[in-house]
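Asker: As a plain string of letters, each chain reads:
Protein chains: 2
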Amino acid sequence: MADPTAKTTSSVKFVKTNAEVPLTLPVTAIDEKGQQVDKFVACERPLTVYLNWRPIVTLMTLGASPESLALGYLKNQGFISELDKLESVIVDWDVNSAAILTKETSDDIEAKLSEKTVTSGCGQGTVYGGFLQGLDDIKLPTPSLKQTVLYSLLKNINAYNDTYKNAGAVHGCGICQQDQILAFVEDVGRHNAVDTLAGDMWLEQQSGADKIFYTTGRLTSEMVIKVAKMGIPVLLSRSGVTQMGLELAQKLGITLIARAKGRHFLIYHGQDTIEFDVPAKQ
Amino acid sequence: MADPTAKTTSSVKFVKTNAEVPLTLPVTAIDEKGQQVDKFVACERPLTVYLNWRPIVTLMTLGASPESLALGYLKNQGFISELDKLESVIVDWDVNSAAILTKETSDDIEAKLSEKTVTSGCGQGTVYGGFLQGLDDIKLPTPSLKQTVLYSLLKNINAYNDTYKNAGAVHGCGICQQDQILAFVEDVGRHNAVDTLAGDMWLEQQSGADKIFYTTGRLTSEMVIKVAKMGIPVLLSRSGVTQMGLELAQKLGITLIARAKGRHFLIYHGQDTIEFDVPAKQ
Numbered sequence: 001m002a003d004p005t006a007k008t009t010s011s012v013k014f015v016k017t018n019a020e021v022p023l024t025l026p027v028t029a030i031d032e033k034g035q036q037v038d039k040f041v042a043c044e045r046p047l048t049v050y051l052n053w054r055p056i057v058t059l060m061t062l063g064a065s066p067e068s069l070a071l072g073y074l075k076n077q078g079f080i081s082e083l084d085k086l087e088s089v090i091v092d093w094d095v096n097s098a099a100i101l102t103k104e105t106s107d108d109i110e111a112k113l114s115e116k117t118v119t120s121g122c123g124q125g126t127v128y129g130g131f132l133q134g135l136d137d138i139k140l141p142t143p144s145l146k147q148t149v150l151y152s153l154l155k156n157i158n159a160y161n162d163t164y165k166n167a168g169a170v171h172g173c174g175i176c177q178q179d180q181i182l183a184f185v186e187d188v189g190r191h192n193a194v195d196t197l198a199g200d201m202w203l204e205q206q207s208g209a210d211k212i213f214y215t216t217g218r219l220t221s222e223m224v225i226k227v228a229k230m231g232i233p234v235l236l237s238r239s240g241v242t243q244m245g246l247e248l249a250q251k252l253g254i255t256l257i258a259r260a261k262g263r264h265f266l267i268y269h270g271q272d273t274i275e276f277d278v279p280a281k282q
Numbered sequence: 001m002a003d004p005t006a007k008t009t010s011s012v013k014f015v016k017t018n019a020e021v022p023l024t025l026p027v028t029a030i031d032e033k034g035q036q037v038d039k040f041v042a043c044e045r046p047l048t049v050y051l052n053w054r055p056i057v058t059l060m061t062l063g064a065s066p067e068s069l070a071l072g073y074l075k076n077q078g079f080i081s082e083l084d085k086l087e088s089v090i091v092d093w094d095v096n097s098a099a100i101l102t103k104e105t106s107d108d109i110e111a112k113l114s115e116k117t118v119t120s121g122c123g124q125g126t127v128y129g130g131f132l133q134g135l136d137d138i139k140l141p142t143p144s145l146k147q148t149v150l151y152s153l154l155k156n157i158n159a160y161n162d163t164y165k166n167a168g169a170v171h172g173c174g175i176c177q178q179d180q181i182l183a184f185v186e187d188v189g190r191h192n193a194v195d196t197l198a199g200d201m202w203l204e205q206q207s208g209a210d211k212i213f214y215t216t217g218r219l220t221s222e223m224v225i226k227v228a229k230m231g232i233p234v235l236l237s238r239s240g241v242t243q244m245g246l247e248l249a250q251k252l253g254i255t256l257i258a259r260a261k262g263r264h265f266l267i268y269h270g271q272d273t274i275e276f277d278v279p280a281k282q
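Chains as they are written, first to last, in this note's numbering: chain A, 1 to 282; chain B, 1 to 282.
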């Protein structure tokens, strides 16, 4: 993942004005025997995203990657699109804010804010007009993935999910290539985790064509749309699928593999992607 | 649950213009052996909520209780507050809309729409200014709940979660009293399930004081706030807790019980609520 502390990616100047925040905090709970037990809880903090000093949204986040989250949110909602118009990202946890400065005019931003129409995925939330734009232009490659490689990937993913293992209450998402995890993000909101990875890929101008998107969360319409926008042709989840997630995957040509855990999975769309190379038991 | 088909609750005239929609659909998936398996997927459909013909938000929902969902959303976001100003609720699945008519003026609505500030819970989504209003006025009673009754409740809940058992990919929420489930709602968005129950309780002017709120979802800030607004002093979840969910529960005086499943649970706040009446094993 990008460590954005006072560094320059492409022509973007990042300024992170204060240090890292904790991702979990220790607490004491009482178990069913009436006994005190030491536990951790996942942090949850507001992050208000400003675009050219105009407040756009406040996201509730774990706080691990605020710069990429803010950028990915703005990118996915269609507020920003050209990397060379991006000037800087300033995160300040003292005031829970991420300020993004671009060369976009404020008229453009107001026009996009006024288009809010569709909401989404995890259930609720206004998603701005730009979210659904450009879907028709998406052309995804037809990938191939060996079942043995998929199993190896699922095994490798077990080494991630640190916050989940420690405190629960977060979802994890990863960008994978064959059985390797290139980036993994956890967040209290599963859409934040997706947006963070989208922000990273956009900043680094990575192609999604040879990638696999893994998530612990459910494959709803919004999840499928965001993965398609990243140009990734394979979506892999530990959880289930909704009907609209499935319909969009069919329309956009995304291989949809759900209930993937251990040596089990269900392909809901794109069965030709998987090469069944695990020998049948005698 | 309220069945709102052409009935009158208080002074509210409901008109539901077309029939029930399916909650799951049959699909064929391919399993890890390369074999076709018959599965169901949970439905997910857009529902655009109009208040006095002004579009407010589009929710992605399972579609089981669109009237209560639309009302609960508007109530929780502070757009509507007085039941006697409510005139009618018209759901039309042909155009995926829920139109709510009230005696509120359009100026009031525009003022509330302009206050959008805070977003939430499941991660994302604009939550309007009214959401956080009135929290300081909430006074919750100090409840008492026997451990044996809690176990009986958890056992009774197993009989619900129909869509989840059939298709996965949904969250369930229930309004409970002692070990009885008074209402249970599933939705593809966990916040939709909460809003639906909030809408029902508001319509029926039920007190939350003697109720327990159960959810399969995580206890984030937004979940705790919504339960507090319903006047319910006990929040019970099969999942985990975030730090802000815990802090709000402490501030608002909500008993927070997480990881509740079978005979296990963890009390994160309000341990005096539980009477440990299960005899210790010899």
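Among these hints, one or two may not hold up.
Lysine to any residue pairs mimicking SDA-like chemistry, simulated, CA-CA at most 25 angstroms apart [claimed, not checked]: (1) A:Lys33 <-> B:Leu154; (2) B:Lys251 <-> A:Arg259; (3) B:Lys33 <-> A:Val21; (4) A:Lys251 <-> B:Leu25; (5) A:Lys261 <-> B:Lys251; (6) B:Lys146 <-> A:Val27; (7) B:Lys261 <-> A:Lys251; (8) B:Lys261 <-> A:Thr24; (9) B:Lys165 <-> A:Thr216; (10) B:Lys281 <-> A:Gln35; (11) A:Lys155 <-> B:Glu275; (12) A:Lys33 <-> B:Lys33; (13) B:Lys251 <-> A:Val21; (14) B:Lys251 <-> A:Thr216; (15) A:Lys33 <-> B:Val149; (16) B:Lys261 <-> A:Arg259; (17) B:Lys33 <-> A:Asp179.
Some chain A residues well away from chain B (every beta-carbon gap over 12 angstroms; in silico) [to be verified]: (18) Phe14; (19) Lys39; (20) Glu44; (21) Leu83; (22) Lys139; (23) Gln180; (24) Gly231; (25) Gln243; (26) Tyr268; (27) Phe276.
Think of the hints as simulated: they come from the structure by calculation, not from any bench. Built from N, CA and C at the ideal position, the CB exists for glycine as well.
Asker: Please write out, lowest number first, the hints stated earlier that are contradicted by the structure.
Answerer: Numbers 2, 3, 5, 7, 11, 12, 14, 19, 20, 25, 26 and 27, in rising order.
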